[in-house]
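Colleague: Sequence:
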Amino acid sequence: SLGCDDYMGSGKVVDKCGVCGGDNSACRLVSGLYQHSLSKIGYHKIVEIPEGATKINVTEAVKSKNYLALRSRAGRSIINGNWAIDRPGRYEGAGTMFTYRRPNEITSTAGESFLADGPTNEILDVFMIYQQPNPGVHYEYILPSENPNPITGQGGYDHHGNTHQEGYDPAGGGWPPSGIPDNQVPAVQPPRRQREYNWKQAGTTECSASCGKGFMHAIFQCVHRQNHEEVSDGLCDSSTRPSQQEEPCNTHWDIGEWSECSKTCGLGMQHRQVLCRQVYANRTLNVHTGRCRHLERPETASTCQLKICSEWQVRSEWTPCSVPCGLGQRSRDVRCVSNIGDFVEDQECNMNLQPSACSAECGMGVQSRGVLCMTNHLSSLPLEGCGHERPADSQVCNNGPCENSIEWFTGPWSQCSAECGSGSQQRAVVCLMKAEEGFSVVPLYECSSLDRPLGQQSCHLKACGAKWYHTDWSACSKTCEEGFRLREVRCLADDMLSSEGCEDQDRPPEREPCNPQPCTPHIDDKCRDQYFNCNVVVQARLCVYDYYKTSCCASCSRVAHRQAVQRGRR
Numbered sequence: 001s002l003g004c005d006d007y008m009g010s011g012k013v014v015d016k017c018g019v020c021g022g023d024n025s026a027c028r029l030v031s032g033l034y035q036h037s038l039s040k041i042g043y044h045k046i047v048e049i050p051e052g053a054t055k056i057n058v059t060e061a062v063k064s065k066n067y068l069a070l071r072s073r074a075g076r077s078i079i080n081g082n083w084a085i086d087r088p089g090r091y092e093g094a095g096t097m098f099t100y101r102r103p104n105e106i107t108s109t110a111g112e113s114f115l116a117d118g119p120t121n122e123i124l125d126v127f128m129i130y131q132q133p134n135p136g137v138h139y140e141y142i143l144p145s146e147n148p149n150p151i152t153g154q155g156g157y158d159h160h161g162n163t164h165q166e167g168y169d170p171a172g173g174g175w176p177p178s179g180i181p182d183n184q185v186p187a188v189q190p191p192r193r194q195r196e197y198n199w200k201q202a203g204t205t206e207c208s209a210s211c212g213k214g215f216m217h218a219i220f221q222c223v224h225r226q227n228h229e230e231v232s233d234g235l236c237d238s239s240t241r242p243s244q245q246e247e248p249c250n251t252h253w254d255i256g257e258w259s260e261c262s263k264t265c266g267l268g269m270q271h272r273q274v275l276c277r278q279v280y281a282n283r284t285l286n287v288h289t290g291r292c293r294h295l296e297r298p299e300t301a302s303t304c305q306l307k308i309c310s311e312w313q314v315r316s317e318w319t320p321c322s323v324p325c326g327l328g329q330r331s332r333d334v335r336c337v338s339n340i341g342d343f344v345e346d347q348e349c350n351m352n353l354q355p356s357a358c359s360a361e362c363g364m365g366v367q368s369r370g371v372l373c374m375t376n377h378l379s380s381l382p383l384e385g386c387g388h389e390r391p392a393d394s395q396v397c398n399n400g401p402c403e404n405s406i407e408w409f410t411g412p413w414s415q416c417s418a419e420c421g422s423g424s425q426q427r428a429v430v431c432l433m434k435a436e437e438g439f440s441v442v443p444l445y446e447c448s449s450l451d452r453p454l455g456q457q458s459c460h461l462k463a464c465g466a467k468w469y470h471t472d473w474s475a476c477s478k479t480c481e482e483g484f485r486l487r488e489v490r491c492l493a494d495d496m497l498s499s500e501g502c503e504d505q506d507r508p509p510e511r512e513p514c515n516p517q518p519c520t521p522h523i524d525d526k527c528r529d530q531y532f533n534c535n536v537v538v539q540a541r542l543c544v545y546d547y548y549k550t551s552c553c554a555s556c557s558r559v560a561h562r563q564a565v566q567r568g569r570r
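Note that UniProt numbering has the sequence shown beginning at 1, numbered continuously upward.
The hints are simulated quantities; they were obtained by calculation from the structure and are not laboratory data. The structure displayed is predicted, hence computed values, not measured ones. Positions of the beta carbon are idealized from the N, C-alpha and C atoms, including for glycine. Some hints here could point you the wrong way.
Said to hold, decoys possible - Cut-off 25 Å, straight-line C-alpha distance, at most; resulting in silico cross-link-like pairs (BS3-like, lysine-lysine):
{"id": "1", "residue 1": "K55", "residue 2": "K16"}
{"id": "2", "residue 1": "K549", "residue 2": "K526"}
{"id": "3", "residue 1": "K263", "residue 2": "K307"}
{"id": "4", "residue 1": "K65", "residue 2": "K40"}
{"id": "5", "residue 1": "K307", "residue 2": "K63"}
{"id": "6", "residue 1": "K307", "residue 2": "K65"}
{"id": "7", "residue 1": "K63", "residue 2": "K40"}
{"id": "8", "residue 1": "K263", "residue 2": "K65"}
{"id": "9", "residue 1": "K263", "residue 2": "K63"}
{"id": "10", "residue 1": "K40", "residue 2": "K307"}
{"id": "11", "residue 1": "K12", "residue 2": "K55"}
{"id": "12", "residue 1": "K467", "residue 2": "K213"}
As the list claims (entries may be wrong) - Using C-beta positions, here's what the derived DEER-type ranges look like:
{"id": "13", "residue 1": "C309", "residue 2": "P133", "range": "15 to 25 Å"}
{"id": "14", "residue 1": "A202", "residue 2": "G136", "range": "48 to 58 Å"}
{"id": "15", "residue 1": "Q244", "residue 2": "Q517", "range": "56 to 66 Å"}
{"id": "16", "residue 1": "D6", "residue 2": "P133", "range": "48 to 58 Å"}
{"id": "17", "residue 1": "E51", "residue 2": "E299", "range": "28 to 38 Å"}
{"id": "18", "residue 1": "E299", "residue 2": "V334", "range": "32 to 42 Å"}
{"id": "19", "residue 1": "W318", "residue 2": "Q425", "range": "42 to 52 Å"}
{"id": "20", "residue 1": "W468", "residue 2": "V441", "range": "47 to 57 Å"}
{"id": "21", "residue 1": "W468", "residue 2": "G212", "range": "19 to 29 Å"}
{"id": "22", "residue 1": "V62", "residue 2": "W468", "range": "42 to 52 Å"}
Please work from the sequences and hints to get the whole structure.
Modeller: Here it is, written out as structure tokens:
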């Protein structure tokens, strides 16, 4: 195997301090668990990471609705700053690259985290965006042995960090090694003979093809162990020379742009297209994903959150009834409040969850609310788990008599126009006027002040499977006497990735002839024969003279074009 010193069989590895062949004595581990109880929604500082820190790992104990955030001491946001939740990915900051992870919200109970190899070139502050009880956040990093202890709880933030240090030991994976039983004698390892010469990787060969499918191999040279000078291959042990392994080349992953987040607030999803591309004839083509299997494939889907959703809050008690007897009304103040406590437009909140909203603006309607059986803030049980005393999720409501109110009415959606792949479906949309005696259809413009529902939408019943796709034809290679034109033909699956599932006999042609008509010279209207016997001038080969070239312009131009075509065919 290749050691960290680039020598074959040296056995040297990089220790936890980043030293090749080191013994982990040049650094120390700093770790802690942030468990402080919080009450105010917003950013709360967890820990300060000093300059020069490496192997940084900040991880929630379990999944929660809280978020981790990272900011430089200079005030620059790196992850989840300014109330904007970033998607999982890689973010540069403080001279290193942080990997931000948020496990699947449905199938995983693991909390989110961010990691970095370091070293950092400035002080960093780690925050929690508090929204529910803190499940605990574990943090750790490595510092050079001469660095001072970490600083926590600075800047007026109220929290408790349980910071401690431990000696790092490679055998125990970072923890103190376990003891050896008294009745067990440690095995004595035989002394290892140091070779004077060894194999060292010196690079790779050039790709076997300048474009298209190609391969390359690693190049190993025999060198002196002390001065690294190249020597004859015969001085090295041929049995330890690494075998030649082919690695594909001229391929790469082509990454598309992320789609918009599926939700304007709260957790959503976004997607992007990832294609395997190969260089061919000064351009890149889509190829089967297997050609890029030696490369790490980028993620095609990711969670996202543009901002934390606002929520409905009841701000007052019910008012007295509007009449002492009979049917009256009462009201209360219900406001849409942002995650920082500001009043915002009602559209910022989920209208389906608005308290006390009646389904009808006038007349009889229904009020509904969500009912959920929960064990804690993180998970829910089937409704039967809370017993049979389930609260009602709907009740009748009445907002008073209707006075010729108008509203849109929609019919059912039609069947999808396509049995597979993308299609469309339609539904009827009419404008209704509601009065005490019932409903009546009125012209569409009567409802123009209301948002009109969609009358058509896209649909997708099932996948069509792989099929051939082609681009438009290129321009013809010649304007006359038969040229050819080209187009690109590819077999693609439903996800628009290259596939091998298409039938060869159905493959559209990639080349076809074009412009078969003979070439005719373009003769200016002013270019005419001034004599009836210009054919004699042509036969006598007098068109080389300017006088005849002008007097018999049409005849001389035709023969000149014919001669040029014949020369081209030779």
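Colleague: When the hints from earlier in the document are held up against this structure, which numbers fail?
Modeller: No numbers; nothing is violated.
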